[in-house]
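Enquirer: Here is how the chains run, residue by residue.
Number of protein chains: 2
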Amino acid sequence: MSEIIPHWLTKQASLSPNDTALELEDGSCLTFNDLMQKSQSFAKKLASQGVDKGTKVGLFSNNCTEMVIAIHALSYLGAVGVFFNIRLTEKELSFQIKDADVSSILAADGLANQINNMNFSLQILSFADVCKLKEVNVPLATEIALDDAFTIMYTSGTTGNPKGVVHTYGNHWWSATGSALNIGIHSNDKWLAVLPLFHIGGLSLLLKSVIYGMPIYLLEKFDEQKVHHAIMNCQVTIASVVTVMLHRLIDLLGEEDYPKSFRCMLLGGGPAPKGLLEKSKDKRVPVFQSYGMTETSSQIVTLSPKDALRKLGSAGKSLFPAQLKIIDANDEGIGEIVVKGPMVTKGYYKNKQATAKSIQEGWLSTGDLGKLDEEGFLYVVDRRKDLIISGGENIYPSEIESVLSSMVGVKEVGVTGLEDLKWGEVPIAFIVLDDASVTEVEVLQYASKNLAKYKVPKKINFEAELPRNASNKLLRNKLRELMQ
Amino acid sequence: MSEIIPHWLTKQASLSPNDTALELEDGSCLTFNDLMQKSQSFAKKLASQGVDKGTKVGLFSNNCTEMVIAIHALSYLGAVGVFFNIRLTEKELSFQIKDADVSSILAADGLANQINNMNFSLQILSFADVCKLKEVNVPLATEIALDDAFTIMYTSGTTGNPKGVVHTYGNHWWSATGSALNIGIHSNDKWLAVLPLFHIGGLSLLLKSVIYGMPIYLLEKFDEQKVHHAIMNCQVTIASVVTVMLHRLIDLLGEEDYPKSFRCMLLGGGPAPKGLLEKSKDKRVPVFQSYGMTETSSQIVTLSPKDALRKLGSAGKSLFPAQLKIIDANDEGIGEIVVKGPMVTKGYYKNKQATAKSIQEGWLSTGDLGKLDEEGFLYVVDRRKDLIISGGENIYPSEIESVLSSMVGVKEVGVTGLEDLKWGEVPIAFIVLDDASVTEVEVLQYASKNLAKYKVPKKINFEAELPRNASNKLLRNKLRELMQ
Numbered sequence: 001m002s003e004i005i006p007h008w009l010t011k012q013a014s015l016s017p018n019d020t021a022l023e024l025e026d027g028s029c030l031t032f033n034d035l036m037q038k039s040q041s042f043a044k045k046l047a048s049q050g051v052d053k054g055t056k057v058g059l060f061s062n063n064c065t066e067m068v069i070a071i072h073a074l075s076y077l078g079a080v081g082v083f084f085n086i087r088l089t090e091k092e093l094s095f096q097i098k099d100a101d102v103s104s105i106l107a108a109d110g111l112a113n114q115i116n117n118m119n120f121s122l123q124i125l126s127f128a129d130v131c132k133l134k135e136v137n138v139p140l141a142t143e144i145a146l147d148d149a150f151t152i153m154y155t156s157g158t159t160g161n162p163k164g165v166v167h168t169y170g171n172h173w174w175s176a177t178g179s180a181l182n183i184g185i186h187s188n189d190k191w192l193a194v195l196p197l198f199h200i201g202g203l204s205l206l207l208k209s210v211i212y213g214m215p216i217y218l219l220e221k222f223d224e225q226k227v228h229h230a231i232m233n234c235q236v237t238i239a240s241v242v243t244v245m246l247h248r249l250i251d252l253l254g255e256e257d258y259p260k261s262f263r264c265m266l267l268g269g270g271p272a273p274k275g276l277l278e279k280s281k282d283k284r285v286p287v288f289q290s291y292g293m294t295e296t297s298s299q300i301v302t303l304s305p306k307d308a309l310r311k312l313g314s315a316g317k318s319l320f321p322a323q324l325k326i327i328d329a330n331d332e333g334i335g336e337i338v339v340k341g342p343m344v345t346k347g348y349y350k351n352k353q354a355t356a357k358s359i360q361e362g363w364l365s366t367g368d369l370g371k372l373d374e375e376g377f378l379y380v381v382d383r384r385k386d387l388i389i390s391g392g393e394n395i396y397p398s399e400i401e402s403v404l405s406s407m408v409g410v411k412e413v414g415v416t417g418l419e420d421l422k423w424g425e426v427p428i429a430f431i432v433l434d435d436a437s438v439t440e441v442e443v444l445q446y447a448s449k450n451l452a453k454y455k456v457p458k459k460i461n462f463e464a465e466l467p468r469n470a471s472n473k474l475l476r477n478k479l480r481e482l483m484q
Numbered sequence: 001m002s003e004i005i006p007h008w009l010t011k012q013a014s015l016s017p018n019d020t021a022l023e024l025e026d027g028s029c030l031t032f033n034d035l036m037q038k039s040q041s042f043a044k045k046l047a048s049q050g051v052d053k054g055t056k057v058g059l060f061s062n063n064c065t066e067m068v069i070a071i072h073a074l075s076y077l078g079a080v081g082v083f084f085n086i087r088l089t090e091k092e093l094s095f096q097i098k099d100a101d102v103s104s105i106l107a108a109d110g111l112a113n114q115i116n117n118m119n120f121s122l123q124i125l126s127f128a129d130v131c132k133l134k135e136v137n138v139p140l141a142t143e144i145a146l147d148d149a150f151t152i153m154y155t156s157g158t159t160g161n162p163k164g165v166v167h168t169y170g171n172h173w174w175s176a177t178g179s180a181l182n183i184g185i186h187s188n189d190k191w192l193a194v195l196p197l198f199h200i201g202g203l204s205l206l207l208k209s210v211i212y213g214m215p216i217y218l219l220e221k222f223d224e225q226k227v228h229h230a231i232m233n234c235q236v237t238i239a240s241v242v243t244v245m246l247h248r249l250i251d252l253l254g255e256e257d258y259p260k261s262f263r264c265m266l267l268g269g270g271p272a273p274k275g276l277l278e279k280s281k282d283k284r285v286p287v288f289q290s291y292g293m294t295e296t297s298s299q300i301v302t303l304s305p306k307d308a309l310r311k312l313g314s315a316g317k318s319l320f321p322a323q324l325k326i327i328d329a330n331d332e333g334i335g336e337i338v339v340k341g342p343m344v345t346k347g348y349y350k351n352k353q354a355t356a357k358s359i360q361e362g363w364l365s366t367g368d369l370g371k372l373d374e375e376g377f378l379y380v381v382d383r384r385k386d387l388i389i390s391g392g393e394n395i396y397p398s399e400i401e402s403v404l405s406s407m408v409g410v411k412e413v414g415v416t417g418l419e420d421l422k423w424g425e426v427p428i429a430f431i432v433l434d435d436a437s438v439t440e441v442e443v444l445q446y447a448s449k450n451l452a453k454y455k456v457p458k459k460i461n462f463e464a465e466l467p468r469n470a471s472n473k474l475l476r477n478k479l480r481e482l483m484q
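Protein chains in written order, with UniProt numbering: chain A, 1 to 484; chain B, 1 to 484.
Just so you know, the hints here were simulated from the structure itself, not pulled from any lab data. One should not assume that every hint holds.
Each pair may be met inside one copy or between any two copies, as identical chains are not told apart.
Said to hold, decoys possible - Straight line, CA to CA, 30 Å or less: simulated DSSO-like cross-link-like pairs of lysine-lysine:
| hint | residue 1 | residue 2 |
| --- | --- | --- |
| 1 | Lys44 | Lys325 |
| 2 | Lys371 | Lys274 |
| 3 | Lys134 | Lys478 |
| 4 | Lys459 | Lys411 |
| 5 | Lys45 | Lys325 |
| 6 | Lys98 | Lys459 |
| 7 | Lys458 | Lys98 |
| 8 | Lys357 | Lys346 |
| 9 | Lys325 | Lys411 |
| 10 | Lys449 | Lys226 |
| 11 | Lys473 | Lys371 |
| 12 | Lys306 | Lys38 |
| 13 | Lys53 | Lys346 |
| 14 | Lys221 | Lys458 |
| 15 | Lys38 | Lys311 |
| 16 | Lys44 | Lys281 |
| 17 | Lys459 | Lys306 |
| 18 | Lys325 | Lys53 |
| 19 | Lys411 | Lys357 |
| 20 | Lys221 | Lys91 |
| 21 | Lys411 | Lys44 |
| 22 | Lys306 | Lys260 |
| 23 | Lys311 | Lys91 |
| 24 | Lys350 | Lys325 |
| 25 | Lys346 | Lys98 |
| 26 | Lys38 | Lys325 |
| 27 | Lys53 | Lys458 |
Fair warning: this is a prediction, and the values are worked out from it, not measured in the lab.
Please work from the sequences and hints to get the whole structure.
Expert: Quick look at the structure:
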């Protein structure tokens with residue numbers, strides 16, 4: 001039976017009307033009452049365009065206040081938000097619009113032209129357009145049924161077209177409470193949102209905000225100086241980042257003693273190089289590694305505060321309401337990570353086949369490889385699809401990346417496999433340097449000293465930057481294109 | 001669809017194996033791993049007696065470690081615990097045993113004789129008896145389906161027989177997380193359990209313990225010196241008490257500065273006299289009033305930390321996942337309190353009629369009267385059944401109790417109505433004195449100065465003690481018996 005709770009924003013506006021919901025870099029704030037008023041008004045305006053329960057509305061926006069308001073407005077109408085990555089090509093967008101039955105798109109004012117130029121045959125409204133509409137007096141949701149769908153986000157499969165991950169309100173609820181049971185809820189918490197809101201890692205923070213009654217410090221995009229400023233001067237207590245952000249931050253953070261109230265740097269977006277974690281430890285930055293994906297409504301495995309230093313390099317244990325297993329493990333104990341829990345999606349939008357393939361009896365096959373230590377802590381090894389098999393040996397790109405990125409002068413590393421007549425596949429590395437004088441020979445010498453011979457990359461490519469997605473995650477499958 | 005989570009004790013034992021789950025007054029402790037091991041062993045022994053999924057097992061015990069172990073053991077077997085008040089008469093017990101289809105009873109070692117002497121025709125095992133049994137290798141639950149029933153507790157209706165309130169695992173889960181969203185989760189939290197575990201206020205603490213990974217400091221029963229000691233010297237941060245306990249405590253607490261880490265005295269069990277709350281405020285005891293009942297799996301309305309002083313006397317707002325309304329309000333805004341939320345029972349055991357009468361479309365009629373102030377804070381006025389109607393005027397016993405208990409020399413007060421030919425009903429008061437020299441005339445003078453004439457009790461009865469239930473709640477319906 002679907003559980004019913006009061007509408008979460010209305011409820012928080014009732015409990016904490018004058019508390020800050022949203023804080024922006026210019027210092028301006030929105031209280032929960034402000035946010036409710038604005039979201040309800042936005043909903044009533046949107047209703048004039050026929051947006052209703054179950055309507056699929058596309059969102060094409062960078063991080064901004066209006067995006068936050070639009071998201072909550074959709075919930076007041078019972079509409080489903082389809083979150084587009086703003087870097088998508090016309091072809092990719094076109095597929096998602098059609099696949100998700102999107103009937104209209106809401107776009108950030110600065111991005112409306114970009115999407116209007118694509119000539120999609122559906123209504124596109126900028127946030128400013130919506131504000132000019134007249135409110136229609138429709139009944140707004142006062143309750144939330146946790147089994148109802150709220151958001152759809154597309155995720156690339158290993159093969160075929162992207163799949164629309166459907167998140168129910170319940171998925172988001174359990175994700176938020178599962179995280180709270182891990183890192184606690186403190187009355188002074190303020191979470192830094194620098195990940196894109198169109199990705200699950202960003203969106204999940206907005207929902208934590210209304211569920212916990214906690215302010216979000218919202219940045220339009222990642223900038224290490226701004227993040228540093230937020231932590232040092234704006235009472236941010238928790239920040240969610242991905243590896244490359246931490247990398248860029250770490251040189252700024254910890255040079256002075258940062259505020260004691262900063263208690264958690266939540267690290268997601270793939271395995272982190274051990275060297276980076278050790279550097280963080282030395283600088284006393286409280287990094288907690290986590291593991292999750294769109295299908296798990298953000299983190300589902302997180303290192304807890306008490307284990308953070310003792311289990312450096314581990315992603316931790318599954319959150320309290322979740323379960324985790326390693327299946328089909330090899331001799332080293334490495335196998336596929338499968339997870340289960342109420343924060344796991346019930347399936348892909350209108351794609352029973354993909355759902356049945358990925359989720360069996362509640363267990364989601366993640367496509368990631370990992371192993372558990374004797375105490376049950378998870379070490380994520382790599383994406384299964386990124387595994388390099390060379391002369392019958394398994395080579396995990398992240399291991400090589402981790403080693404090379406600890407070399408002085410090396411800033412970022414990406415490793416992938418290249419077809420090879422003799423070995424089947426061989427590893428090759430793509431490196432961004434801090435210090436332009438570093439040579440291929442030096443890198444190979446360093447690699448030989450720290451890696452078994454078959455793991456030493458057969459070629460080193462120096463690059464100006466590595467391919468990353470809008471969340472700054474490394475796209476290994478695009479590395480090879482750099483060689484063309 | 002019923003959500004599935006991992007078995008909560010097994011999960012907490014995996015996350016925090018060596019953290020304290022239970023601390024006793026003699027200083028001995030059980031870790032979560034200990035508690036899991038002992039509960040699983042107890043379950044395997046109990047399985048030898050045919051206890052299985054859905055079996056109703058009675059529990060007849062005071063607060064002790066074995067009771068905690070037995071409760072978790074039942075969950076490993078999927079059995080349902082029927083919690084008996086150990087003060088019940090043979091007749092009352094007999095009714096509950098039959099009504100709840102109880103097939104066997106587990107009794108505290110010190111209480112086994114008492115219940116054995118009652119000659120019920122079912123198996124009675126003391127905890128020591130169970131320990132002597134051989135383990136049977138049955139599969140224990142590894143997961144919990146939140147819609148499954150876990151506990152049954154009987155509650156007296158205004159008329160007719162007691163009704164068995166069924167709590168699902170989900171009811172307990174939502175109660176625990178709802179409370180966490182109100183008062184937060186701190187890593188140093190330790191909750192004092194002094195309420196009986198056979199009442200919902202006590203049991204709910206055990207489940208918070210496994211869900212939060214938080215130690216419980218367990219006392220066999222209330223003793224103000226022991227509670228004072230626990231707060232002053234044993235790092236207790238939160239304590240759940242009822243009014244009479246707070247009354248007895250307040251003179252001890254605050255004479256010295258108590259530890260800063262003590263952050264919440266959660267007060268339940270009926271409206272508190274304003275004088276007591278003010279005394280607590282003066283002594284800087286952080287009292288948060290709350291409101292709840294067996295049907296709501298403990299508190300469903302609680303004053304939040306930020307409003308505690310500003311809204312003295314209010315029970316607060318409904319917890320984040322819950323809703324509250326006042327229906328059929330009179331001119332003063334006083335009407336029946338109705339509540340809704342995932343912590344509210346789905347109904348009474350095998351009693352569709354009572355369920356249908358109490359719960360309509362998810363809304364539970366509480367039988368309590370209350371009103372909301374302009375900001376939506378609840379003030380509980382009284383039990384509807386305790387309302388005295390005198391010459392057409394509504395008189396709330398708790399108001400008179402609150403006034404009289406602020407008189408110097410008065411320790412406890414209970415007020416009820418007496419039939420009266422002229423007025424229909426008139427209020428009468430029962431008083432326990434601190435100072436034996438106080439006279440009826442003095443009390444009536446004090447009452448006349450502070451209450452409208454029709455509210456002044458028509459008779460003052462001095463008593464050695466007032467009738468209270470096992471949770472120390474005043475039993476107003478038994479006051480009249482004192483006059484016989």
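Enquirer: List in ascending order the numbers of the hints, as given earlier, that are violated by the structure.
Expert: 3, 6, 7, 9, 10, 14, 16, 17, 19, 21, 23 and 27
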